[in-house]
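> Listed below are the residues making up each chain.
Number of protein chains: 2
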Amino acid sequence: MELPKRRRSNTRARLLEGALEVFAERGFHGASVEDICDRAGFTRGAFYSNFGSKDELVLALFQATTDRLLEQIAALLPDLANQPVTLLDAVLGLLDEAAPDQRQWHLISTEFTLHALRHPEAAEALNRQRAMFRDQLTRLVEEITKASGLRLSVPAQQFVRLVIAVHEGARAQTLLEPEQLPAGTLEHTFLPMVLAAVTWTEGD
Amino acid sequence: MELPKRRRSNTRARLLEGALEVFAERGFHGASVEDICDRAGFTRGAFYSNFGSKDELVLALFQATTDRLLEQIAALLPDLANQPVTLLDAVLGLLDEAAPDQRQWHLISTEFTLHALRHPEAAEALNRQRAMFRDQLTRLVEEITKASGLRLSVPAQQFVRLVIAVHEGARAQTLLEPEQLPAGTLEHTFLPMVLAAVTWTEGD
DNA sequence: TGTATTCAATACAGAACTGTATCCTACTGA
DNA sequence: TCAGTAGGATACAGTTCTGTATTGAATACA
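Residue numbers (the working numbering), protein chains in the order written: chain A, 48 to 251; chain G, 48 to 251.
In short, the hints are calculated from the structure, not lab data.
Remember, predicted model here, so these are calculated numbers, not experimental data.
Glycine included, C-beta positions come from ideal geometry on N, C-alpha and C.
Keep in mind that a hint or two might mislead.
To be verified - Partner residues are not named here, just some residues of chain A that face chain G (Cβ under 10 Å, in silico):
| hint | residue |
| --- | --- |
| 1 | G65 |
| 2 | L67 |
| 3 | A78 |
| 4 | V80 |
| 5 | H162 |
| 6 | L173 |
| 7 | T232 |
| 8 | A244 |
| 9 | T248 |
Work out the full structure, taking the sequences as your base and the hints as a guide.
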């Protein structure tokens with residue numbers, strides 16, 4: 048059973064790209080459907096033959112963004128787990144490389160988060176995504192600790208939550224004051240201390 | 048020289064209150080001037096005799112919110128510095144008590160932050176406010192450490208930045224998943240480790 | 001008491017945005 | 001080559017929002 052062959056079209060994808068940019072610039076509510084279409088080089092007609100409404104686009108955009116993020120993580124994981132990098136470098140490197148454009152990613156994901164805090168059904172979707180994300184990181188942490196014969200005195204999941212919290216909190220500060228707080232400063236200054244405190248060598 | 052006596056009116060203040068609520072519910076762009084007026088119990092006429100535009104209101108709201116926050120901190124500081132609480136309890140307690148409604152405060156301050164990331168002039172104002180806020184916390188940290196004969200191996204300012212980052216990052220996670228991550232978990236689990244690592248007793 | 005002033009309500013004009021209905025073009029496959 | 005169709009463009013109607021002009025009521029002050 049074959050799927051019906053559909054005409055090749057990247058309109059949808061280009062609209063999503065445009066939306067990503069415009070949302071980052073003006074926020075969800077600040078971006079009109081027309082803004083998005085202009086950016087993508089289409090008219091609103093194209094929009095409405097691909098999406099039912101802006102809300103539907105937001106959902107699709109979120110899904111697409113999530114998929115890409117998880118893909119990128121999946122691609123990065125094997126390297127990180129095998130290369131001789133420290134646990135923290137692996138985790139922090141992943142956080143950075145998975146989202147190349149820190150600024151845009153921060154704007155978009157923060158928008159998503161605000162949206163989710165106001166709309167329970169969006170929160171569910173976001174939480175699922177974030178849970179998958181954390182799970183990936185948690186697995187990475189577990190693999191690396193196991194490989195190097197280390198043990199953690201707290202659940203790896205909890206440690207990952209901390210790393211994410213520090214990373215996101217620090218990122219906001221860095222984006223606001225790039226001069227005063229270069230990217231990664233807080234993470235690299237303080238997380239090693241935490242790691243040292245929760246880690247001990249097997250057989251102790 | 049006396050200021051000209053003006054008729055007593057709290058319309059402006061009530062509009063600001065309404066705006067705070069509506070912004071928290073729908074975000075800046077999502078809230079129309081009419082929404083705000085409805086919430087405050089006025090018509091748009093009242094709005095436009097008090098503010099020139101929504102942007103002007105946003106600025107005023109930010110200023111008012113900032114003033115109140117700094118006032119509240121100033122009121123809390125003396126108690127905290129003198130009472131026999133630990134350094135971390137003092138700092139974390141301040142962060143919590145200064146903003147009673149965590150959810151609303153998070154929504155509003157995150158909105159402000161997004162706005163600032165898109166508008167340099169707003170970023171300046173926000174950065175000034177955050178700098179004052181950090182300075183207050185830094186002073187608190189310095190007073191407490193000095194009083195208890197402790198020293199820090201990192202600048203107090205840097206430590207404060209970390210606490211804020213963890214607090215804000217953790218708050219986002221907690222608001223999204225209150226069950227999975229009760230408020231304060233990450234802070235109270237990990238920050239003591241950091242503090243232990245950067246602290247030593249005078250005369251060592 | 002009467003006049004001036006302040007400020008919120010009302011009424012209105014114009015702009016922006018959304019969503020739909022229709023048209024047009026280019027590709028598809030027989 | 002020629003219907004059929006997918007899908008983007010165009011045109012339009014309705015709604016919502018903003019900002020201004022005017023009105024009216026309450027207050028301050030002479």
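> Can the hint on T232 of chain A be confirmed by a CB-to-CB distance to chain G that is less than 10 Å?
With Cβ-Cβ at 8 Å, under 10 Å, it holds.
> Once the shortest beta carbon distance from A244 of chain A to chain G is found, is it less than 10 Å?
Hint on A244 of chain A: holds, closest Cβ of chain G at ~4 Å, below 10 Å.
> Does L173 of chain A meet its interface restraint, that is, does its C-beta lie within less than 10 Å of any C-beta in chain G?
OK, holds: L173 of chain A within 10 Å of chain G, min 7 Å.
> Can the hint on V80 of chain A be confirmed by a CB-to-CB distance to chain G that is less than 10 Å?
14 Å, violated
> Next item in the hint list is T248 of chain A. Is there a CB on chain G closer than 10 Å to its CB?
17 Å, violated
> Does L67 of chain A hold up as a contact with chain G if the rule is Cβ-Cβ below 10 Å?
Since the shortest Cβ distance to chain G is 15 Å, the answer is violated.
> Tell me if A78 of chain A is really an interface residue toward chain G, meaning its C-beta lies closer than 10 Å to one of theirs.
9 Å, holds
> Should the interface hint for G65 of chain A be scored as holding, given a Cβ-Cβ cut-off of 10 Å against chain G?
For G65 of chain A, the interface hint is violated, since the closest Cβ of chain G sits about 17 Å away, which is over 10 Å.
> Is the interface hint satisfied for H162 of chain A? The criterion is a beta-carbon contact with chain G at less than 10 Å.
At 8 Å from the nearest chain G Cβ, H162 of chain A passes the 10 Å test, so the hint holds.
Going through the hint list in order, the structure does not satisfy hints 1, 2, 4, 9.
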